[in-house]
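Here are the chains, one letter per residue:
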Amino acid sequence: MLDLGLDVLFKGKNLARLLGGLGVALKISATSVLISLPLGILLGVLMTFRSPIIKAILRLYLEFIRIMPQMVLLFLVYFGTTRAFGWNLSGETASVIVFVLWGTAEMSDLVRGALIAIPKHQYESAEALGMSRAQAYWYIIIPQTVRRLIPLSINLITRMIKTTSLVLMIGVVEVIKVAQQIIEANRTASPNAAFGIYLTVFVLYFFACWPISLLASYLEKKWK
Amino acid sequence: MAEPILTVEHLIKAYGETPVLDDISFAVKPGEVIVVVGPSGCGKSTLLRCLNGLEPTQSGRVRLGNETVAYGGKNLTQLRQRIGMVFQSYELFPHLTVLDNILLAPTKVQKRPKDEVQKEAEALLDRVGLLAKKNSYPRELSGGQKQRVAIVRALCMHPEILLFDEVTAALDPEMVREVLDVMLDLAKQGRTMIIVTHEMQFARAIANRVIFLDGGKIVEEAAPADFFDHPKTERAQRFLRTFTFDAVK
Numbered sequence: 001m002l003d004l005g006l007d008v009l010f011k012g013k014n015l016a017r018l019l020g021g022l023g024v025a026l027k028i029s030a031t032s033v034l035i036s037l038p039l040g041i042l043l044g045v046l047m048t049f050r051s052p053i054i055k056a057i058l059r060l061y062l063e064f065i066r067i068m069p070q071m072v073l074l075f076l077v078y079f080g081t082t083r084a085f086g087w088n089l090s091g092e093t094a095s096v097i098v099f100v101l102w103g104t105a106e107m108s109d110l111v112r113g114a115l116i117a118i119p120k121h122q123y124e125s126a127e128a129l130g131m132s133r134a135q136a137y138w139y140i141i142i143p144q145t146v147r148r149l150i151p152l153s154i155n156l157i158t159r160m161i162k163t164t165s166l167v168l169m170i171g172v173v174e175v176i177k178v179a180q181q182i183i184e185a186n187r188t189a190s191p192n193a194a195f196g197i198y199l200t201v202f203v204l205y206f207f208a209c210w211p212i213s214l215l216a217s218y219l220e221k222k223w224k
Numbered sequence: 001m002a003e004p005i006l007t008v009e010h011l012i013k014a015y016g017e018t019p020v021l022d023d024i025s026f027a028v029k030p031g032e033v034i035v036v037v038g039p040s041g042c043g044k045s046t047l048l049r050c051l052n053g054l055e056p057t058q059s060g061r062v063r064l065g066n067e068t069v070a071y072g073g074k075n076l077t078q079l080r081q082r083i084g085m086v087f088q089s090y091e092l093f094p095h096l097t098v099l100d101n102i103l104l105a106p107t108k109v110q111k112r113p114k115d116e117v118q119k120e121a122e123a124l125l126d127r128v129g130l131l132a133k134k135n136s137y138p139r140e141l142s143g144g145q146k147q148r149v150a151i152v153r154a155l156c157m158h159p160e161i162l163l164f165d166e167v168t169a170a171l172d173p174e175m176v177r178e179v180l181d182v183m184l185d186l187a188k189q190g191r192t193m194i195i196v197t198h199e200m201q202f203a204r205a206i207a208n209r210v211i212f213l214d215g216g217k218i219v220e221e222a223a224p225a226d227f228f229d230h231p232k233t234e235r236a237q238r239f240l241r242t243f244t245f246d247a248v249k
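So the sequences go chain by chain: C and L.
Numbered per UniProt numbering, the first sequence spans residues 1 to 224.
Numbered per UniProt numbering, the second sequence spans residues 1 to 249.
Everything labelled a hint here was simulated from the structure, so no lab data went into it.
All values reported here derive from a predicted model rather than from experimental measurement.
Built from N, CA and C at the ideal position, the CB exists for glycine as well.
Careful, some of the hints might be misleading.
A few chain L residues facing chain C, derived, Cβ under 7 Å [unchecked claim]: (1) 40; (2) 56; (3) 57; (4) 71; (5) 74; (6) 77; (7) 85; (8) 97; (9) 99; (10) 107.
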């Protein structure tokens with residue numbers, strides 16, 4: 001029979017260790033999402049303000065984070081700043097910092113996009129019906145912005161989960177790192193383990209992201 | 001003689017150095033239908049937008065009854081409830097059904113009981129032939145249907161005067177008629193209206209008075225028959241000629 005190396009999965013605590021690794025990845029992304037969504041909303045609203053200085057600063061931040069590969073950001077924060085500023089960061093903290101910087105930038109751009117996508121006429125027809133500014137925002141602008149925003153920000157969450165696969169590069173033992181360790185440890189006993197273990201990693205990522213992505217497309221359809 | 005509902009007194013507006021409205025004065029009496037015509041960029045739409053305080057003006061005054069309507073002025077939200085406005089691009093709220101679009105302002109702004117407004121909304125929707133669409137979303141409607149809903153939405157606020165800003169300009173020709181018919185029906189009911197339009201035949205049929213605007217000034221103001229058959233000014237004659245064609249064969 002074709003040996004997929006799946007037996008390794010059930011040796012000792014291997015499966016539990018993999019799940020633990022996934023837990024680390026999900027913890028990093030969940031923490032980052034929780035911090036960067038509100039920050040991103042705040043910056044996104046600020047980006048629609050008229051002040052050219054605020055706009056320029058936020059634009060610079062957004063472009064900087066976008067152009068920089070996440071791996072470089074991780075190295076910069078984990079290896080660069082700890083040495084230059086002499087502070088002590090755990091790999092996980094450094095990852096959360098980088099993911100918050102990145103998530104906030106992406107989120108702010110989504111919020112800005114959703115806000116400017118509401119035509120000026122929507123504000124005007126609300127006003128022409130005698131609504132106050134607050135009523136226009138509450139009944140007309142915010143519901144439309146949220147509908148545009150939720151599917152997009154859910155997609156951002158799945159992107160964040162996937163990108164946590166990079167944090168093994170700064171020594172965080174997440175699911176891929178655990179997989180590598182298991183494969184290394186069983187190299188002689190079951191040389192085919194790489195296939196079975198990485199297949200399992202794939203399945204784990206899939207079940208972490210799939211429901212989220214289903215939810216996004218469901219909401220997108222519902223609110224189209 | 002009845003007191004005017006709306007009075008415009010020496011209205012002046014400019015974007016920077018460019019004058020848009022130059023000393024506009026006129027009054028609208030109850031039940032009167034005024035049609036404003038003129039070439040593109042003559043200030044027609046801007047004039048309408050000034051009438052419900054959507055645009056700042058430099059000087060002059062718009063009065064609704066005894067109160068002043070001004071951009072950023074006080075009581076503006078109350079005054080706007082008394083002025084219905086329908087836009088060229090309909091601007092229904094896309095996240096609400098037809099019925100919710102209509103009910104939102106009467107129930108949330110005027111705080112009227114929902115079942116009463118709903119009864120009225122359904123009667124009006126029926127009148128414009130759209131009762132079957134009351135639970136549809138705007139994206140499921142044609143342009144002409146959306147515009148009729150927008151008119152019903154304005155009517156449900158019980159405005160004293162209705163402003164129509166080129167409401168058929170964005171519609172396909174075959175949908176223009178259904179919207180104009182609704183407006184003719186409103187005129188028959190004795191509604192007070194100010195209509196900006198490019199439909200000259202319609203203007204002639206519906207207007208009590210035509211105001212011809214050019215370069216931000218009222219160039220001519222006359223009864224429709226006089227204006228369309230015997231325009232006094234050379235400028236109006238030239239404008240009206242753009243709507244007729246000489247046979248080439």
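So, going through the hints one by one against the coordinates:
no., hint, in the structure
1, 40, "violated (19 Å)"
2, 56, "violated (14 Å)"
3, 57, "violated (16 Å)"
4, 71, "violated (11 Å)"
5, 74, "violated (12 Å)"
6, 77, "holds (5 Å)"
7, 85, "holds (4 Å)"
8, 97, "violated (13 Å)"
9, 99, "violated (15 Å)"
10, 107, "violated (10 Å)"
In terms of the numbered hints stated before, the structure departs from hints 1, 2, 3, 4, 5, 8, 9 and 10, listed from lowest to highest.
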